[in-house]
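Residue numbers (our numbering): 1058 to 1197.
There may be inaccurate statements among the hints.
List time: in silico SDA-like cross-link candidates among lysine to any residue, alpha-carbon distance up to 25 angstroms [unchecked claim]:
no.: 1; residue 1: Lys1145; residue 2: Asp1133
no.: 2; residue 1: Lys1129; residue 2: Gly1177
no.: 3; residue 1: Lys1169; residue 2: Leu1126
no.: 4; residue 1: Lys1145; residue 2: Ser1190
no.: 5; residue 1: Lys1129; residue 2: Thr1114
no.: 6; residue 1: Lys1145; residue 2: Thr1114
no.: 7; residue 1: Lys1145; residue 2: Val1181
no.: 8; residue 1: Lys1169; residue 2: Asp1133
no.: 9; residue 1: Lys1129; residue 2: Lys1169
no.: 10; residue 1: Lys1145; residue 2: Asn1192
no.: 11; residue 1: Lys1129; residue 2: Asn1156
no.: 12; residue 1: Lys1129; residue 2: Pro1191
no.: 13; residue 1: Lys1145; residue 2: Ala1166
no.: 14; residue 1: Lys1129; residue 2: Gly1151
no.: 15; residue 1: Lys1129; residue 2: Gln1152
no.: 16; residue 1: Lys1169; residue 2: Ser1110
no.: 17; residue 1: Lys1145; residue 2: Ala1135
no.: 18; residue 1: Lys1145; residue 2: Leu1165
no.: 19; residue 1: Lys1129; residue 2: Ala1168
no.: 20; residue 1: Lys1169; residue 2: Asn1146
no.: 21; residue 1: Lys1129; residue 2: Lys1145
no.: 22; residue 1: Lys1169; residue 2: Tyr1137
no.: 23; residue 1: Lys1145; residue 2: Val1124
no.: 24; residue 1: Lys1129; residue 2: Gln1180
no.: 25; residue 1: Lys1145; residue 2: Ala1123
no.: 26; residue 1: Lys1145; residue 2: Ala1171
no.: 27; residue 1: Lys1145; residue 2: Thr1167
no.: 28; residue 1: Lys1169; residue 2: Tyr1150
no.: 29; residue 1: Lys1169; residue 2: Val1196
no.: 30; residue 1: Lys1145; residue 2: Pro1191
no.: 31; residue 1: Lys1169; residue 2: Thr1159
no.: 32; residue 1: Lys1129; residue 2: Ala1184
no.: 33; residue 1: Lys1145; residue 2: Asn1119
no.: 34; residue 1: Lys1145; residue 2: Val1118
no.: 35; residue 1: Lys1145; residue 2: Ser1108
no.: 36; residue 1: Lys1145; residue 2: Val1134
no.: 37; residue 1: Lys1129; residue 2: Ser1108
Quick list of the computed label-pair ranges, beta carbon to beta carbon [unchecked claim]:
no.: 38; residue 1: Pro1191; residue 2: Val1118; range: 31 to 41 angstroms
no.: 39; residue 1: Ser1147; residue 2: Pro1191; range: 30 to 40 angstroms
no.: 40; residue 1: Ser1147; residue 2: Ala1171; range: 10 to 20 angstroms
Keep in mind the hints are simulated off the structure, nothing from the lab.
Just so it is clear, CB atoms sit at the ideal spot from N, CA and C, and this is done for glycine as well.
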Amino acid sequence: MTNPGLDRAFRSPIGRGIVSIATSLVLASGMFAASEPASVLASACPCSLWSSSTTPTVTGVNDSSAVELGVKFTSDVAGYISGVRFYKNSSNYGQHVGNLWTASGQLLATAKFANETASGWQQVQFADPVPISPNTVYVA
1058 MTNPGLDRAF
1068 RSPIGRGIVS
1078 IATSLVLASG
1088 MFAASEPASV
1098 LASACPCSLW
1108 SSSTTPTVTG
1118 VNDSSAVELG
1128 VKFTSDVAGY
1138 ISGVRFYKNS
1148 SNYGQHVGNL
1158 WTASGQLLAT
1168 AKFANETASG
1178 WQQVQFADPV
1188 PISPNTVYVA
């Protein structure tokens, strides 16, 4: 996927098989980028849609104020979201927070990133994994 921006860890309660998750980038303005389906082998979970070696095409832009970006996604099976990731470039600084929302804007989980590296993938775990339902839209 081009410029994923954010990522999420997914755990399947079934523990095996392929989990398909459709994603699209959600900008703070409410605009959506093109959606691309992705599949994850559930037996390898906890898992992520993007490997640690994946680098977004665009790693940052000049922005004069704080923004919240997200990835809209659905899963075709029930499972749990245990945390989120984002890709940080070296000029991105300040406190970062990971949120998980319903499509209607209900906050399901939040966590502050700590011990961030200067750049690369940053990951945070929620205090408790959040159960998700199949064929339901979420935003991380």
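Hints, one by one, checked against the model:
Pair hint Lys1145 plus Asp1133 does not hold up; C-alpha atoms about 29 angstroms apart against a cutoff of 25 angstroms. Between the alpha carbons of Lys1129 and Gly1177 the distance comes to roughly 21 angstroms, so the proposed pair stays at or under 25 angstroms and holds. Between Lys1169 and Leu1126 the alpha-carbon distance is near 15 angstroms, which keeps this suggested pair within the 25 angstroms criterion. Straight-line distance between C-alpha atoms of Lys1145 and Ser1190 comes to about 29 angstroms, which puts the hinted pair past the 25 angstroms bound.
Restraint check for Lys1129 and Thr1114: the C-alpha separation of about 19 angstroms stays at or below 25 angstroms, so the hint holds. Restraint check for Lys1145 and Thr1114: the C-alpha separation of about 12 angstroms stays at or below 25 angstroms, so the hint holds. Distance hint between Lys1145 and Val1181 is fulfilled; the C-alpha atoms sit about 13 angstroms from each other, no more than 25 angstroms. For a cut-off of 25 angstroms, the pair hint linking Lys1169 to Asp1133 is broken: about 28 angstroms separates their Cα positions.
In summary, the hint linking Lys1129 to Lys1169 is supported, as the alpha carbons are separated by about 20 angstroms, within the 25 angstroms threshold. For the proposed pair Lys1145 and Asn1192, the alpha carbon gap of about 30 angstroms is over 25 angstroms, so the pair is violated. Taking the CA atoms of Lys1129 and Asn1156, the gap is near 12 angstroms; set against the 25 angstroms cutoff, the hint holds. Restraint check: the Cα-Cα separation between Lys1129 and Pro1191 comes to about 14 angstroms, which is no more than 25 angstroms; the hinted pair holds.
For the hint linking Lys1145 to Ala1166, the alpha-carbon distance of about 21 angstroms falls within 25 angstroms, and the restraint holds. For the hint linking Lys1129 to Gly1151, the alpha-carbon distance of about 24 angstroms falls within 25 angstroms, and the restraint holds. The straight-line distance between the Cα atoms of Lys1129 and Gln1152 is roughly 22 angstroms, inside the 25 angstroms bound, and the hint therefore holds. A hinted pair counts as satisfied when its Cα atoms are at most 25 angstroms apart, and Lys1169 with Ser1110 qualifies at roughly 23 angstroms.
For the proposed pair Lys1145 and Ala1135, the alpha carbon gap of about 30 angstroms is over 25 angstroms, so the pair is violated. Straight-line distance between C-alpha atoms of Lys1145 and Leu1165 comes to about 24 angstroms, which keeps the hinted pair within the 25 angstroms bound. Proximity of Lys1129 to Ala1168 is assessed by CA-CA distance (about 18 angstroms); at most 25 angstroms being required, the pair is judged to hold. A hinted pair counts as satisfied when its Cα atoms are at most 25 angstroms apart, and Lys1169 with Asn1146 qualifies at roughly 18 angstroms.
Taken as a hint, the Lys1129 and Lys1145 pair is honoured in the structure, with Cα atoms around 19 angstroms apart against an allowance of 25 angstroms. Distance check on the hinted pair: Lys1169 and Tyr1137 sit about 19 angstroms apart at the alpha-carbon level, within 25 angstroms; holds. Simply put, Lys1145 and Val1124 have alpha-carbon atoms about 14 angstroms apart, close enough for the 25 angstroms limit, and the pair holds. The straight-line distance between the Cα atoms of Lys1129 and Gln1180 is roughly 18 angstroms, inside the 25 angstroms bound, and the hint therefore holds.
The hinted pair formed by Lys1145 and Ala1123 meets the criterion: a straight-line CA distance of about 14 angstroms does not exceed 25 angstroms. For the suggested pair Lys1145 and Ala1171, the alpha carbons sit about 13 angstroms apart, so the restraint of at most 25 angstroms is met. For the suggested pair Lys1145 and Thr1167, the alpha carbons sit about 18 angstroms apart, so the restraint of at most 25 angstroms is met. This hinted pair checks out: Lys1169 and Tyr1150 have alpha carbons roughly 14 angstroms apart, not beyond 25 angstroms.
This hinted pair checks out: Lys1169 and Val1196 have alpha carbons roughly 17 angstroms apart, not beyond 25 angstroms. Between the alpha carbons of Lys1145 and Pro1191 the distance comes to roughly 30 angstroms, so the proposed pair goes past 25 angstroms and is violated. At roughly 19 angstroms between alpha-carbon atoms, Lys1169 and Thr1159 fall within 25 angstroms of each other, so this suggested pair holds. For the suggested pair Lys1129 and Ala1184, the alpha carbons sit about 21 angstroms apart, so the restraint of at most 25 angstroms is met.
Taken as a hint, the Lys1145 and Asn1119 pair is honoured in the structure, with Cα atoms around 13 angstroms apart against an allowance of 25 angstroms. The suggested pairing of Lys1145 with Val1118 holds, with an alpha-carbon distance near 11 angstroms, which does not exceed 25 angstroms. Between Lys1145 and Ser1108, the direct Cα distance comes to roughly 15 angstroms. Compliance with the 25 angstroms bound is thereby established for this hinted pair. At roughly 30 angstroms between alpha-carbon atoms, Lys1145 and Val1134 are farther apart than 25 angstroms, so this suggested pair is violated.
A hinted pair counts as satisfied when its Cα atoms are at most 25 angstroms apart, and Lys1129 with Ser1108 qualifies at roughly 19 angstroms. Checked against the hint of 31 to 41 angstroms, the pair Pro1191 and Val1118 passes, with Cβ atoms roughly 34 angstroms apart. A hinted range of 30 to 40 angstroms holds for the C-beta pair Ser1147 and Pro1191, which are about 39 angstroms apart. Checked against the hint of 10 to 20 angstroms, the pair Ser1147 and Ala1171 passes, with Cβ atoms roughly 18 angstroms apart.
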